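J.: One letter stands for each residue in the lines below.
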Amino acid sequence: MEMEKFNYDNEIVRKFIIATVVFGIVGMLVGLTAALQLVIPELNAGLQWITFGRIRPLHTNAVIFAFVGNGIFAGVYYSMQRLLKTRMWSDLLSNINFWGWQLIILSAAITLPLGITTSKEYAELEWPIDIAIALIWVVFGLNMLMTIIKRRERHIYVAIWFYIATFVTVAILHIFNSFELPVTMLKSYSWYAGVQDALVQWWYGHNAVAFFLTTPYLGLMYYFVPKAANRPVYSYRLSIVHFWALIFIYIWAGPHHLLYTSLPDWAQSLGTVFSIMLIAPSWGGMLNGLLTLRGAWDKVRDSAVLKFMVVAITCYGMSTFEGPMLSLKNLNAISHFTDWTIAHVHIGGLGWNGFLTFGMLYFLIPKMWGTKLHSQRLANFHFWIGTLGIVFYAIPLYWAGFTQSLMWKEFTADGFLAYPNFLETVTQIIPMYAMRALGGTLYLIGVFVMVYNLMATAKSGSFMKNEEAEAPALAPKYKPHAGEYWHRALERKPMVLTILAVVAVSIGGLVEIVPTALVKSNIPTISSVKPYTPLELEGRDLYIREGCNNCHSQMIRPFRSETERYGEYSKAGEFVYDHPFLWGSKRTGPDLAREGGSKLRKPNSWHYNHFMDPRTMSPGSIMPPYPWFIEQDLDVSNTAAKINAMRTLGVPYPEGYEDQAVADLNAQAEEIAADLAQGGIEVAANREVIAIIAYLQRLGTDIENEGTEEVVSNP
Amino acid sequence: MLRFVKQHMETIVGVELYPMVSFLIFFTFFVGLIAYVIMMKKGYIKEVESLPLTEND
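Protein chains in written order, with the working numbering: chain C, 1 to 715; chain E, 716 to 772.
Treat the hints as calculated values from the structure; they're not laboratory data. Don't take each hint at face value.
To be verified - If the Cβ cut is set under 8 Å, some of the chain E residues that face chain C in the computed set are:
#, residue
1, L739
2, F742
3, T743
4, F744
5, V746
6, L748
7, I749
8, V752
9, M755
10, G758
11, E762
12, V763
13, E764
14, L768
To be verified - Each computed DSS-like pair below joins lysine-lysine, with the alpha-carbon atoms no more than 25 Å apart:
#, chain 1, residue 1, chain 2, residue 2
15, C, K299, C, K329
16, C, K329, C, K372
17, C, K571, C, K459
18, E, K756, C, K299
19, C, K586, C, K465
20, C, K571, E, K761
All values derive from a computational prediction rather than experimental measurement. All C-beta atoms, glycine included, are put in the ideal place defined by N, C-alpha and C.
Go ahead and model the full structure; you've got the sequences and the hints to work with.
T.: Here it is as structure tokens:
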């Protein structure tokens, strides 16, 4: 057979590697800053752009989409060319993929600190960036599928299946979760409201973990572990079951993120059952990875690459075991809203994604630069300090989550909350936060050591921009021999495989979304729940801008410990006008769903002083001060457009109300300013603080007004 | 397990169809998958699983 000569494109891999490392460091530094701010709130230096609520999304987006994202592209572009024995289909598309992705990251790095955010976790970026993401993702997918079509290797190795599933599923998730109505170039409202919005969001959030942080990395595992160990995967059969089981089941497990919230019971139960079932394929995959090294443990001792991979796979196993456990109602009741969740995701993030990336980098750079790793000792040092970092990160946070949850739930013998002041449960765990920051620092030191080691390695070799290779062309007509099974034929047809993957993930998605979308009776309406006033709506947008939802939940669960502390538990019908929902996922501060209700209501002046400096009202608080609320004027230039947008989304503002909105807003603002003035606080009525106070005072008041007459001026 | 899922859904008319249908699809798919995987030919597996190792680099 005639051999064809061609080149592998190493240059694109190199670019993605550099981006992976650079954004890894940036993302982790931002994470470390956020972690330290929970110990020393002054650390934002009074700058609004780097307060906790704004940089936590920056951290999560940076590590997920910039660090892991670029890591995926680097690994996929490297392994796919070699597994298919061909160069990428189009160098142009490869480069558009690269530069487009970096531009998206750059725009995230600018908009998130500016408070331009949708507030939906891991989907915070505003609509123009969402569109850019969709376009670049399609470029990646097109390049990948075309490369598969023009391949020189007949069989498609399982790693590539994982890549295909990643591409199609992330595309579906991203598009469905990004349905939003633009108000301005930089502001939009989620198409969905309340419960439905939450359902879609966590369907997305959960599956982003599955299909952005897991499936592509499993593909990398199935390529790089055999490669580094120089032996085939333990069981190829198992890998096929792993693949289909994973993509089929994962998509079902979304509702477990909302256990004990206002989601209909049946959706919660369905999610739980499937989460438990997820253990089987995940552990199958973990064992498959680890057993690939059976009888080769001596190699592991000598190779930093394999060491990183072993710990990565072990962490994958740990978090995929813990995940389903956390979806059990009993355990979830303890872990939810606490730092337990944060510990859990960091086993996955630092261990699985981080360590697999490092292993891949230690493997790739000597190879692509045609040299040996500069220092095995430094790599080993990185391995140990990184492992130690994970331990120091996770254990204190597990402890913190557990402690805080117990304190929230503890009652005295007389039936009162043992810690009625939420802050006590926070100050208790601040030492744990400090330890966690130490763990993060250790981990980051390891990364810096790696950067030095890899740079020294690159220096000692010479980079092969294009790597020569040869392989016979694929015979155009392939006759399947007798007795060949359908799957093998299918596996050679990437388009069919792609479509099947779409079908598999769509079924789970539909089953979850359709009933909630169609069956209105799912969400009982409450007649006293009314739309927000224009001032409250603007206040709500400030809440979104500042990312208060990164510390505060708005979801009171039906436990005595919660109703005792916050008031009546949250009802699905209370959120019907909430575009987007703001339930939050973590309680660093107390729940605010009923902050204006009779149990928690505070004077306007309390809020004013609390925003000026939380510690004057709550000594020892770790909430950042928001002095700029008092200095900045509320922007009402889009209020009318916002009312219109909300009406389009189904919020019953009367026709023409947008013309009256600003006048109503001013009137309500004057009232609050006058009330503050009575308490001796002089502040202009057009300041932001007035709007955010109006919003907080509204929270939870609707259902207390049940039966009262509608106020005419209040739409 | 199905009973556990079902009891929570009775409030919504016809909704029990969704998880039922999908569970059945899911179940048949897996039975088929397992059967297929067991019947896979040794020679084919040898060929595919060595793909990461046989590349010429």
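J.: All the hints need checking, so say for each whether the structure fits it.
T.: Taking the hints in turn, this is what the structure says about them:
1. L739: Violated: closest Cβ of chain C sits about 11 Å from L739(E), beyond 8 Å.
2. F742: This interface hint is violated because 11 Å lies over the 8 Å limit.
3. T743: Violated - the Cβ of T743(E) stays beyond 8 Å from chain C, reaching only about 12 Å at its closest.
4. F744: Status holds, d = 7 Å.
5. V746: violated, 12 Å
6. L748: holds, 5 Å
7. I749: holds, 7 Å
8. V752: holds, 5 Å
9. M755: holds, 6 Å
10. G758: This hint is violated: G758(E) lies away from chain C, its Cβ roughly 11 Å from the closest one there, beyond 8 Å.
11. E762: Holds. Min distance 7 Å.
12. V763: It holds, given that the least Cβ distance between V763(E) and chain C is near 5 Å, below 8 Å.
13. E764: holds, 4 Å
14. L768: Hint on L768(E): holds, closest Cβ of chain C at ~6 Å, below 8 Å.
15. K299(C) to K329(C): violated, 43 Å
16. K329(C) to K372(C): violated, 51 Å
17. K571(C) to K459(C): violated, 62 Å
18. K756(E) to K299(C): violated, 30 Å
19. K586(C) to K465(C): violated, 46 Å
20. K571(C) to K761(E): violated, 57 Å
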